[in-house]
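Protein chains: 6
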Amino acid sequence: MKLVVINPNSTQSMTDKVTIAARAVAGDAVEIEGRTAHGAPASIEGHFDEAICAAHLLREVQAAETAGADAIIVACFDDPAIGACREIATGPVLGICEAGVKAASMIATSFSIVTTLPRSVPIIEALVRQYGLDHLCRRVRSAEIPVLALEEPGSNTRQLVRDEILRAIDEDGCEAVVLGCAGMSDLTEWLSRETGVPVIDGVTVATKFAEALVGSGLATSKIGAYALPNEK
Amino acid sequence: MKLVVINPNSTQSMTDKVTIAARAVAGDAVEIEGRTAHGAPASIEGHFDEAICAAHLLREVQAAETAGADAIIVACFDDPAIGACREIATGPVLGICEAGVKAASMIATSFSIVTTLPRSVPIIEALVRQYGLDHLCRRVRSAEIPVLALEEPGSNTRQLVRDEILRAIDEDGCEAVVLGCAGMSDLTEWLSRETGVPVIDGVTVATKFAEALVGSGLATSKIGAYALPNEK
Amino acid sequence: MKLVVINPNSTQSMTDKVTIAARAVAGDAVEIEGRTAHGAPASIEGHFDEAICAAHLLREVQAAETAGADAIIVACFDDPAIGACREIATGPVLGICEAGVKAASMIATSFSIVTTLPRSVPIIEALVRQYGLDHLCRRVRSAEIPVLALEEPGSNTRQLVRDEILRAIDEDGCEAVVLGCAGMSDLTEWLSRETGVPVIDGVTVATKFAEALVGSGLATSKIGAYALPNEK
Amino acid sequence: MKLVVINPNSTQSMTDKVTIAARAVAGDAVEIEGRTAHGAPASIEGHFDEAICAAHLLREVQAAETAGADAIIVACFDDPAIGACREIATGPVLGICEAGVKAASMIATSFSIVTTLPRSVPIIEALVRQYGLDHLCRRVRSAEIPVLALEEPGSNTRQLVRDEILRAIDEDGCEAVVLGCAGMSDLTEWLSRETGVPVIDGVTVATKFAEALVGSGLATSKIGAYALPNEK
Amino acid sequence: MKLVVINPNSTQSMTDKVTIAARAVAGDAVEIEGRTAHGAPASIEGHFDEAICAAHLLREVQAAETAGADAIIVACFDDPAIGACREIATGPVLGICEAGVKAASMIATSFSIVTTLPRSVPIIEALVRQYGLDHLCRRVRSAEIPVLALEEPGSNTRQLVRDEILRAIDEDGCEAVVLGCAGMSDLTEWLSRETGVPVIDGVTVATKFAEALVGSGLATSKIGAYALPNEK
Amino acid sequence: MKLVVINPNSTQSMTDKVTIAARAVAGDAVEIEGRTAHGAPASIEGHFDEAICAAHLLREVQAAETAGADAIIVACFDDPAIGACREIATGPVLGICEAGVKAASMIATSFSIVTTLPRSVPIIEALVRQYGLDHLCRRVRSAEIPVLALEEPGSNTRQLVRDEILRAIDEDGCEAVVLGCAGMSDLTEWLSRETGVPVIDGVTVATKFAEALVGSGLATSKIGAYALPNEK
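The listed protein sequences correspond, in order, to chains Y, U, A, B, S and X.
Each residue of the first sequence is one higher than the one before, counting from 1 in my numbering.
Each residue of the second sequence is one higher than the one before, counting from 233 in my numbering.
Each residue of the third sequence is one higher than the one before, counting from 465 in my numbering.
Each residue of the fourth sequence is one higher than the one before, counting from 697 in my numbering.
Each residue of the fifth sequence is one higher than the one before, counting from 929 in my numbering.
Each residue of the sixth sequence is one higher than the one before, counting from 1161 in my numbering.
There could be a bad hint or two in this list.
So the derived label-pair ranges between C-beta atoms look like this [to be verified]:
no.: 1; chain 1: Y; residue 1: H38; chain 2: A; residue 2: P582; range: 53 to 63 Å
no.: 2; chain 1: X; residue 1: D1188; chain 2: Y; residue 2: I223; range: 58 to 68 Å
no.: 3; chain 1: Y; residue 1: I20; chain 2: S; residue 2: G967; range: 49 to 59 Å
These are computed hints drawn from the structure, not numbers from a lab.
All C-beta atoms, glycine included, are put in the ideal place defined by N, C-alpha and C.
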């Protein structure tokens, strides 16, 4: 089985990070291929970055299809252009927000999300509502850090994320925390240990859910809105 | 006041049509400029087309800003990349689905939507739910016509749209109908006459609502998620 | 075009204020006529006042119809008897809560509302939910001032409203604020300047939206629940 | 205990009917007093009638209070001005729609409502949503009869209501039916027998629920929005 | 009329308490029989206790049926196995959470719930959402006391509950409070006096609502999901 | 990794069937153990059966824990007592309805569910709403077959299920179908081939999702409502 993890921004270190996260959990027979949306913004911070990355992301989806991908993971918590990816993919396509919050809803009665910048909060709130889990999501929180600060060695970002998780547990009464950025995937274990709460990384669970869907014989439905794009 | 109507697909005849529709209702002191998202798909039929058109649409938004637009109308019923447009615009930005259904909710206790292709139905349903009007929307219907068929002189598309509206009135018990495609804007008056129900064209009402917001001294909020994109 | 702004309470100074607010934004060809619901309570503070004002308000709607109104604005944030007004009006009828929150949803991803008395909070919450925008409304707040205190020259009400808006920005993380009382319409510009957030006056936007609907050729649907009242 | 049943329209025969329905189920120690909103429309068919009846209804509520009412039932399925009644009442106030649908939700997993005229359908749908039971309400149906036709001896209205109930069972798969008009209260038993489904009359259950609330020592909360109207 | 109040846990003192609460409000012609689910957990604190008590509770329902119960009240705020009880009962079956929150919604525009342990909070939140009243429920709060502490004479539990109610009034702005445990039923009057807010005991209102449904001639619908269990 | 699939009814042939389904998709390193809730009803058809099976199911969960289960799948589409199972399990616990509908939402914009008996329809509707996917679920349908008929060789049940799926595609416009009973798991492939739509078996996807959660290092959160049951 071949899973392609696409980083929809153009920062190679993030691609490396999410590829490592995916490989760490993938089954023995699963090949993980990481791809970078070259030409996309260096990070996805808001609606504009999300819209601009779409064409680059979709080019990588098409490349992944050509390369025989069995499923595709889009490694950005804004779940950019997921519907579009599904139209041109044959296997399942998973965004990491969708995977993260659905996983959370399977192991806890409530969860909070900790993301990077405040401007992403309403975007994530809208996604959670679209996925139908707003009644279980206590709060979407921001650790007030730019996405790329997560890539800087020696920065204090992991402490900021941890502190926000501790506030989530204390103030929101949540039973699990979903990390609201692909760039946090390398912090998952450390954050779980430090906070004592299940900390969910979307890249990890999206990889495993994609594997699960493929293993179940399921692919994207092609009889409706996810059919191949119409010829003009 | 200068309003820019952007057709996010690359079909010039649709740009002409929506520009005419906007001009027909714009105030005396309002200049309407139509712009085409050259390079975008010839029509927006599904998630993929919508995602692909985004960069082209946003380039036109930036051009409109440079040209001094007071507000921007995005003339496609899938409301593509509206949040992204709002980040880079200073004035208000309106999609025609949002404008259309909000107008409908002001003049009727319920409405149905008639769009072109079945594959657009779930996209529009998701938009209506996002705008909070799913409880007033009786049904999203498709007249089963490709978008570009609306551009072909002599086609029977207007009859197909009329017949679907008549079915909506009869089967859904709706009190108004919103046209679910910018390419139907030239049919509005004829459809109203033929069906006896208020028929709402999103291009028309988006133009007038944009004018209304500007006239109210309102612009897109820049203190949160619609702030200018972050520098990287 | 003739727009009639009806103050559903009996306080002439409020009628004057909302008429001024409407005239300030109305188009050149638009005549604004203010009308007072003589006999109604001096202010609408709760369900009882709202119910009692209805007959007086409806009498003014009928007078406005006779006088050739193209559209009607009901200038009270509780949107009293709007459905009833729509039954006897031919043109569009807009309440200022509906107009205010729908305008807010077009320029911001979230908003809070600042009204006068705590007892109006659940009434407004119910309206916002009815309009389908509860997921975007961060909080309905009260500045704890009686409606008529807004009419007293020299009172500190404008400071109280400003302070509540500042708390809304700080505590709610909202991106826009809707003024929850027609009597605040003269404060809009000052509040915007003082707080740095888009401040939305329902009278202003209802006037412009009414103009927009008429300009779009739309009138209240008469084929269903808004048909003329049944003869007995 | 004294319960006052107020018919918010001016048709005495309907007052008599609902008073009989209430007396038929009231406890031994319960006095039922029927009151008519003289001056109100002869029937409540739509938003306008509902708004116009309010002042007359509220006058009767005040009279009932003076007469020592322990609780008040408003016998119209549009639940007119219930919040206003609650502000000036000391005991509980119940509308028959609220009582009817809440009773239905206690004995069945789903229900449909059969009302008189099509124009009442969206009004009732909005009420059911406000009461939070739209997910259990299969459909609001109209038997297409004017309210006052229910008062005409020898009319075929009972057959029309029965037939609509049979369609509800067949087409909606509902497990109970709520009668959507106070004027149907005398048909309840017959309709239950004829259709084999629990048929719920709002007047009956509102009377018993009002008795239940008073018997529980509960009265309308006076610490918030249902406090006595403000002095001006 | 015979009403059977079943305590679904095995603590006799709680059965006695809820039986006293029911008798205190039952009509003269109403016989109240208390039953204990011997073999069930000593208290219901969470999903496991709730699931385990079910068989014991259902055995008591069957016994109550045999003994001629006209209606059944299940005296635990988690409303355990209510659907199952309804399948084997002929008369109405009411849980005290459902009765409590529906009563609250009839006398106040909003309410909060005060329960015992934090672990019950998400269970009650899910119930309130299932009953459709989450939009009126300000908050579900825990007084952080084990259920059986309510049975210990001389404990400070009543003070803890009172203090949590006072916080609910202050912080939530609620207009009524529902007691979130059957074991609090003896505190209702004292808590109302101490806090000045309507305090609603589910046992009390469930008893009266059950009486009301029976008095209205209503029984559990047997034409759908509440039909007698299928023979195997 | 050891996954335990518990059939909460007492029919061994169903346990065998679901164990086979799970083994068919489990990873190489995954041991599947099937367990039967001996003493439970022979099939789960409604609320009563569901409540009665709980204690037997929980006994098997405890046995599975003792035997070192890494995760547990409850193989009944009513998702009986899942919260209770989660309290006493250390690893993840998945019901097949939850897994089935969440899988459907990842590969299609809408789905319908085909279950056995009409009486299960409202139970499943309530589950889907609790999982937050009612806006994507077109309809819950019944093939009108008793659960155990699925176990009878030579019965026409597979044809009945296929025909209902074909009706779902035609009438509901759904893009995927979820099988609403564990006893249908052996029909999945055949039904997919016959109908041309993705057919989702909850047992299959629950097995793979459980594997995925364990593989992601996730377990049931123990800091809140899913903590171990309280000692009494």
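Within 58 to 68 Å or not, the Cβ separation of D1188 (chain X) and I223 (chain Y)?
Cβ of D1188 (chain X) to Cβ of I223 (chain Y): about 33 Å, so the range 58 to 68 Å is violated.
Is 49 to 59 Å a correct range for the gap between the Cβ atoms of I20 (chain Y) and G967 (chain S)?
Since the Cβ atoms of I20 (chain Y) and G967 (chain S) sit about 53 Å apart, the hinted range of 49 to 59 Å holds.
Starting from the range 53 to 63 Å, see whether the pair H38 (chain Y) and P582 (chain A) falls in it by beta-carbon distance.
56 Å, holds
Violated hints amount to a single one, hint 2; each of the other numbered hints is respected by the structure.
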